[in-house]
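Peer 1: Sequence:
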Amino acid sequence: MALWGNNDAVGSGGTVSLDYSTGVVTGSGTTFGETGAAKVGDVIRFGVRGSGGTYFGDAAIVSIAGTQSLTIGSTAGLSGATIAGTDFYISELPVSSVKDVTYSESSSGTDDKIIYGVSDADTAIGGPAGYEKIDAGWVGITTYVDNHGNLRVKREVLVAMSGITTGNIPYPTAEG
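Going by our numbering, the sequence shown runs without a break in its numbering and finishes at 176.
Hints listed in this document are in silico derivations from the structure and should not be mistaken for laboratory results.
Here the structure is a predicted model, which means the values were calculated and not measured.
You can take every hint at face value.
Under the rule of at most 20 Å between Cα atoms (straight-line distance), these lysine to any residue pairs were calculated in the SDA-like manner:
#1 Lys-39 <-> Thr-15
#2 Lys-39 <-> Asp-87
#3 Lys-39 <-> Thr-26
#4 Lys-39 <-> Ser-74
#5 Lys-39 <-> Gly-73
#6 Lys-39 <-> Ser-12
#7 Lys-154 <-> Ile-141
#8 Lys-39 <-> Gly-29
#9 Lys-39 <-> Thr-165
#10 Lys-39 <-> Ala-9
#11 Lys-39 <-> Thr-67
#12 Lys-39 <-> Gly-23
#13 Lys-39 <-> Asn-7
#14 Lys-154 <-> Tyr-144
#15 Lys-39 <-> Val-95
#16 Lys-39 <-> Tyr-89
#17 Lys-39 <-> Gly-66
#18 Lys-154 <-> Gly-140
#19 Lys-39 <-> Ser-69
#20 Lys-154 <-> Asp-135
#21 Lys-39 <-> Ser-63
#22 Lys-39 <-> Gly-5
#23 Lys-39 <-> Ile-64
#24 Lys-39 <-> Gly-27
#25 Lys-39 <-> Thr-166
#26 Lys-39 <-> Ala-60
#27 Lys-39 <-> Ser-17
#28 Lys-39 <-> Thr-22
#29 Lys-39 <-> Thr-75
#30 Lys-39 <-> Pro-94
#31 Lys-39 <-> Ser-28
#32 Lys-39 <-> Asn-6
#33 Lys-39 <-> Gly-13
Start from the sequences, fold in the hints, and give me the full structure.
Peer 2: What follows is the structure, given as structure tokens:
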């Protein structure tokens, strides 16, 4: 597996529930392990970003028991809230970002930081105010509210590369 995958929207059919004590993710209507679906080494992103959705965080997939069961390596990058019947999507983003607590949803009360795959086509579309895309590749976006109540955004290209595949994953909003 490459250090940096090129797909930020591998597959997301169905819903998932997580047992925090065992790290086992149970899917409903999922296709884990099948061609073109989640595989070991990918990252599962729980919940939906933006548009008022709830995002629970990311975790690396360490084993797949079947099309409806997989195990994550750690729950440290998750919010701790119950994940049951939740939307998800799979990304080939670098697992190292999941292990970095600054990119963890569990760091509530601090800056909100997440990595997105940005395709060549996405760079021409533009995003909501403050989220304009800068280069194709893996882009880290940090959002925070300044002392005047204004949403601020910092973008940094972690790896510039063409060939990233995205699937209309929404950018974060001031709500989440």
